[in-house]
Each structure stands twice: as structure tokens, then as C-alpha cells.
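Just so you know, the sequences run in chain order A and B. Okay, so the first sequence: first residue is 312 according to our numbering, each after it adds one. Okay, so the second sequence: first residue is 239 according to our numbering, each after it adds one.
One or more of the hints may lead you astray.
[Unchecked claim] To give a feel for the contact side, a few chain A residues facing chain B, derived at Cβ under 8 Å:
{"id": "1", "residue": "Ala392"}
{"id": "2", "residue": "Gly394"}
{"id": "3", "residue": "Leu407"}
{"id": "4", "residue": "Arg409"}
{"id": "5", "residue": "Ala414"}
{"id": "6", "residue": "Ile425"}
{"id": "7", "residue": "Thr432"}
{"id": "8", "residue": "Glu440"}
{"id": "9", "residue": "Gly457"}
{"id": "10", "residue": "Thr459"}
{"id": "11", "residue": "Arg571"}
[What the hints assert, rightly or not] Restraint ranges, calculated between C-beta atoms of paired labels, are given here:
{"id": "12", "chain 1": "B", "residue 1": "Trp300", "chain 2": "A", "residue 2": "Lys420", "range": "49 to 59 Å"}
{"id": "13", "chain 1": "A", "residue 1": "Ala487", "chain 2": "B", "residue 2": "Val303", "range": "54 to 64 Å"}
{"id": "14", "chain 1": "B", "residue 1": "Ser402", "chain 2": "A", "residue 2": "Lys424", "range": "41 to 51 Å"}
{"id": "15", "chain 1": "B", "residue 1": "Arg403", "chain 2": "A", "residue 2": "Ser490", "range": "41 to 51 Å"}
{"id": "16", "chain 1": "A", "residue 1": "Lys420", "chain 2": "B", "residue 2": "Ala386", "range": "52 to 62 Å"}
{"id": "17", "chain 1": "A", "residue 1": "Ala520", "chain 2": "B", "residue 2": "Pro307", "range": "35 to 45 Å"}
{"id": "18", "chain 1": "B", "residue 1": "Tyr404", "chain 2": "A", "residue 2": "Arg362", "range": "56 to 66 Å"}
{"id": "19", "chain 1": "B", "residue 1": "Pro519", "chain 2": "A", "residue 2": "Tyr460", "range": "37 to 47 Å"}
{"id": "20", "chain 1": "A", "residue 1": "Lys424", "chain 2": "B", "residue 2": "Tyr404", "range": "45 to 55 Å"}
{"id": "21", "chain 1": "B", "residue 1": "Leu334", "chain 2": "A", "residue 2": "Ser490", "range": "51 to 61 Å"}
{"id": "22", "chain 1": "A", "residue 1": "Arg409", "chain 2": "B", "residue 2": "Arg318", "range": "19 to 29 Å"}
{"id": "23", "chain 1": "A", "residue 1": "Tyr460", "chain 2": "B", "residue 2": "Pro307", "range": "52 to 62 Å"}
{"id": "24", "chain 1": "A", "residue 1": "Ala520", "chain 2": "B", "residue 2": "Ser402", "range": "35 to 45 Å"}
{"id": "25", "chain 1": "B", "residue 1": "Leu401", "chain 2": "A", "residue 2": "Ala476", "range": "38 to 48 Å"}
It is worth saying that the hints were derived from the structure and are not from the lab. The structure displayed is predicted, hence computed values, not measured ones. For each residue, glycine too, the CB sits at the ideal point set by N, CA and C.
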Amino acid sequence: MSSPKGRGGDWTPPLHANPPQGRGTSDEGRSRLEGGPEARSQQSEPLLEVRDLTVHHGQLRALDRVSLRVFPGEVYAIIGANGAGKSTLLRTIAGLHRPTDGAILYDGKDMTKIRPERRATGGIVMVPEGRRLFGSLTVEENLKVGATYARKGPWTIERVYEIFAWMKDRRTQRTAQLSGGEQQAVAIGRALVANPRVLLLDELSLGLAPVIVQRIYAMLPQILSTGLTVLLVEQDVSQALRVASHIQCLLEGHTTLEGRPSEVTAEQVEAAYFGLSQAAAEGSEALWHGSTPSSRAS
Amino acid sequence: MAWVNAIIQGILTGGLYALFACGLSLMFGVMKVVNLAHGDLAVIGAYVALGVITVTHIPALWSFVIVVPIMAVLGYALQRTLIQAALDRGVLITLLVTFGLSVVIESGLLQFINADSHSLGVGESIITGSFSIGSQIQLPYLLLLIFAVAVVVLLGLQYFLSLSRYGRMIRAVADDQEAAQLSGIDYRHVFGIAAAIAFGTVALAGIAYGMYSQFSPTTGTDTILLFAFAAVVIGGLGSLWGTLLGGIVLGVAQQIGAQINQADQVLAGYIVFLLVLALRPQGLTARRAQS
């Protein structure tokens, strides 16, 4: 992934342009996403592709032949209940788990056996579940660590301070002293300064008050305006439906539902999320099973 | 006056102990490796210095210019191979592996060199002298120099860890390896750097010990490792300045013990060590991250 091909050239970010939706409320967030699927059908090449990924934790099969294709500029949300395999999927894409089977392709190249730090420097950067900041380091040092092997791009520590205004004044504080929401912001900043092409967000809302979660998701349009692609995992389904251009629901390691938020009904989501009734499950089978991502994106 | 002299001698010896201890503390703080071969590596440093001095005839004082880089490279190589392989199998395995390393080094030295004691002769330089305050207090230049080296090493480490890019990466990796990987950092390389630094300080400690006293293949485990452990535990694990404080406390306790009865020198050090373990197991300095 160290090949310089396509670095920076293929995604020119509108740096100082106003973010498309300003402070995205839910409605604005959704209106943006209506554009997503068109882009999806026109784009022939996905930026990130997962093919039949199977991952085991010891004897337990955490993921069973899960596939997904994420196109440039998308906000792709993985939803599902606790233990559905969402985080495992994201961590495997980041390189922290070894899959037993299947492949991960990034920009058309096979990444399955690449070490996590090479994936990060190549442009796949994850904000891990539970923030995972460097607790003995200051806010600024955390950002500097994130920027150590950064790709070229629009994100700098200064720019992170611009979108999170409070951060600059508190940059010399240790992150252990910050509140959960503040820590999450630093974790996002630490990922952004690496200038990822694909940003993986693992359970941003975990352990945070709803109002804080709202505020963090409201930053998403500003982040997307720099040309990022986002793959996120979220337990909060309504939140995911609001921000995503494409959703995929996992249940016990299987894909149970996939589509644009506008295409799926609340009942389908509910059935896919809980694996409720046989009928609903069959319905979703008929709708989604076996269809390739490109055939869906009509 | 004899007591004041004992305390001053103890403080100065503490510099040597701190030099032993800081590499041990660094490797534990960053990689969670308790390096049981630490003392033997110091002895290896002393033997390498002996070899370098014999071959090149450079003064013992300057042997560190060659020995420290050699040991640093050895440290990086050992960390990236043997110790990393042990770490991948679990932290406890590193105890077994470094213990094995210690046995191998000691036996190897006995087998291929001999069991004789050696020292690094500093010759008739000014360093062998001392200056006196009054009739009772004597300050040997060598001990003063070793103490100064220890302070410089600790200051340098502190500066490096808190301000340099690699120092920041070392602290980040010590906090959270996985998160460091997600920031593009190859933690195994960073471990190697930390080990190289630790081995460099061990080499300095070995040379200092060789000039100060006599060493033989078994000195590593029966003296250096134990004193280093005592200094680290007394000072507080993972704290660099704690190792200096721990070294000083240990040194002073030993000298006071010797003042009471020559045979009680080592015993007095371990009594303090046990007292700290019993009364303040986190060490004298509050537990902080690497600095």
C-alpha cells in the first residue's frame, strides 16, 4: 500500500468551501445522501471491497461470509445488535484480526495480509471503539502521533483545532482528564490528521450521552466535505439511518439486510436487526440474498 | 563525620545503581518485559569494553564510544527476534526467555572466557584520585563521574521521551500498542528502538561497574540484576527519576549498613528494599508514565 499511485490526486478536497450541509441536522444529512446512490451506480470501482469475509474468535465464528462494497464519498453504515460481528468486521478491515477466509480489497489491491500499520499509512484509518487514546499523552501529542506517518492531504492539527474549537485551549492537557465526548473528538482528530481515504468509525456513540452523540455526528458533513469515505459501525440504528448513504445489517455474523436508507422500511430493519419472524427473514432473503452489490444499485 | 562520609558515598554509588536500573525500568515501562538477563548484559558490556580496550588500546573511559553502539544494535536485534517472539506468546514467556538468556550468557562466558575476575583499568589518570573535605570525607572522582553520567543519561532520556518524535511514539506504544498501530506505527520497530536505548544504558552501566569494581561471569545475576531490581522497586516502576532516587536510597542504606558492620552492607540494602515493598509497594515516587 506504500505505492504513491493516486495519492491526493484523485480526491481533490474542497478545502475551504462551505461544508455542503453546514451544521447537519438529520434532514440535511439525509438530503445529501440522496446523491449517494447515483454516485454508487456510476462509480464502477469500489474504494473498499470485502469479499466473503469469515472471521473466527477461537471456536466462535464471528463473521460468516460477509461481503460489502464501499464507493468513494459514501457513508456506509453497518448496523446490528451486540455481538452481531460489526466491530469484528471493522477491526478485520483495519487489520487487527486475521480472517480465516475471504479477502479485503482497497483501491483494487488485495490488503488481506497487510499489517495494520501499513493499512493506516495507506489510507484506511480507524477510530477504535472506546476511543483508545494515549492516556499519558496530551491532546496535542495524541494528534501528533496520529500525524506521524500521515499521507498528504487537507487535514492538519490546525484544521482539527478549527472544527473542534475547544481543543486548542486544552491541547496541553492529558487526554485522561477529558470527558468521554471530548475524548471521542480527539480520537476522531487523531484519525483525521493521518489524512485517510477511508475512515472507519467504530461505535462513536458508545458510552456517550445522546446530546454529545448528536453533536459528534453533526461534524460528519464537515469531515465528508474533504472527500473522505466513511465506513461506520453503529448500534444506534436511527442515528445510522440518518447519516448513512448505504446501510448493511448484521445478525450473528451474517448479512441480513442491505440497501439505501430510503429503500428499506422500518419493519425490514427491525426484522433484520433482531432476526425476528421467519416471514420477515424470508422476505429479506428474497429481497437481498444473493444479489450482488452492483445489481442492487440500480 | 564518618556517617556523613557514608551517606555521601551512598549517594554517589546510587548513581551507578540508577544507571543499572534505568534500562530495566524502560524495558518494563514500554514493553512490559522484565528482563532477567539485564545484569548479564551489563557484564557483556564490560567484557566487550575489555576486548575493545585490549585490541585498540583506547583509554577505558572512552571505550563507551564503541561499546554503546554495539550494545544498542544488539538490543535492537534481540528485541526484534527473541524477545518479540516471546512477547507474541505472552508476557510471562518473556520471563522464561530472558531467564534462559541469562543462563546462556553466564555459561557462555564461563565456557569461552574463564571464571576470573577482571576490571577495566583506568590507569594513572586523574580519575583514580579523589578529593577530600576535612580528614574524613573523601570523594573519588570516578564515583562523581559515574553519578554525573547517570544524571546526564536520565536527563537525556527524559528529554528524548518527552520532546522527540520517537520518544512520543515510545510513550504512545507503551500506552496502547493497538491504537499506535492504527496510527500507522509499527510498534515492533518502536520496541526495538526502546530496547536499543535500554541496552545502551546497560553498556554504560557495565563499563562504569568495570571501572569501579571487579566483574566476572556471575556478577550479572548475583550483584547487578539484584541491585537494579532493588533500585527500580524502591524508586517506583516506570519512573525514570524514581530509579535515581531508588539507587540513592539503596546506596545510602548499604553504606550506612557498612558503617555499622562491614558484613551488613548488602543486607542493609535489602532490608530497605523489603520495607519499601511492604509499606509502599508502588515505590517512593508516585507511579507516573515514563517520565
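The hints, checked one at a time:
Using the Cβ-Cβ criterion of 8 Å, the hint placing Ala392/A at the interface with chain B is not satisfied: the shortest such distance is roughly 24 Å. Look at Gly394/A: its Cβ only gets to about 20 Å from chain B, farther than 8 Å, so that hint breaks. Taking 8 Å as the C-beta cut-off, the interface hint given for Leu407/A holds, the closest approach to chain B being about 6 Å. At a threshold of 8 Å, the smallest CB-CB gap from Arg409/A to chain B is about 13 Å, leaving the interface hint violated.
Checking Ala414/A against chain B by beta carbon gives a least distance of about 21 Å; that is not within 8 Å, so the hint is violated. Given hint, Ile425/A at the interface with chain B, is violated; its Cβ is 12 Å from that chain's nearest Cβ, farther than 8 Å. At its closest, the beta carbon of Thr432/A sits 4 Å from a beta carbon of chain B; the interface hint therefore holds under the 8 Å criterion. About 11 Å separates the beta-carbon of Glu440/A from the nearest beta-carbon of chain B, more than 8 Å, and the hint is not met.
Annotation: Gly457/A was flagged as interfacial toward chain B, and the flag holds, the nearest CB pair being 5 Å apart, inside 8 Å. For Thr459/A, the shortest C-beta to C-beta distance to chain B is roughly 7 Å, which falls under 8 Å, so the interface hint holds. The interface hint given for Arg571/A is violated, since its Cβ lies 29 Å from the closest Cβ of chain B, which is over the 8 Å cut-off. For the pair Trp300/B and Lys420/A, the supplied restraint of 49 to 59 Å holds, since their beta-carbon distance comes to about 52 Å.
With their beta carbons about 41 Å apart, Ala487/A and Val303/B fall outside the hinted range of 54 to 64 Å. Checked against the hint of 41 to 51 Å, the pair Ser402/B and Lys424/A fails, with Cβ atoms roughly 32 Å apart. At about 29 Å, the CB distance of Arg403/B to Ser490/A disagrees with the hint of 41 to 51 Å. Checking the proposed 52 to 62 Å range against Lys420/A and Ala386/B shows it holds: the Cβ atoms sit about 55 Å from each other.
In this structure the supplied range 35 to 45 Å is violated for Ala520/A paired with Pro307/B, their Cβ-Cβ distance being about 54 Å. For the pair Tyr404/B and Arg362/A, the beta carbons lie near 38 Å from each other, so the given range of 56 to 66 Å is not met. The hinted range of 37 to 47 Å is satisfied by Pro519/B and Tyr460/A, whose Cβ atoms lie roughly 39 Å apart. Checked against the hint of 45 to 55 Å, the C-beta distance between Lys424/A and Tyr404/B comes to roughly 28 Å, which is inconsistent with it.
Taken as a hint, the range 51 to 61 Å is violated for the pair Leu334/B and Ser490/A, whose Cβ atoms sit roughly 43 Å apart. Between Arg409/A and Arg318/B, the C-beta spacing of about 21 Å keeps the proposed range 19 to 29 Å intact. Under the hint 52 to 62 Å, the C-beta atoms of Tyr460/A and Pro307/B, about 26 Å apart, miss the expected range. Restraint check, Ala520/A to Ser402/B: a C-beta distance of roughly 38 Å satisfies the suggested window 35 to 45 Å.
For the pair Leu401/B and Ala476/A, the beta carbons lie near 27 Å from each other, so the given range of 38 to 48 Å is not met.
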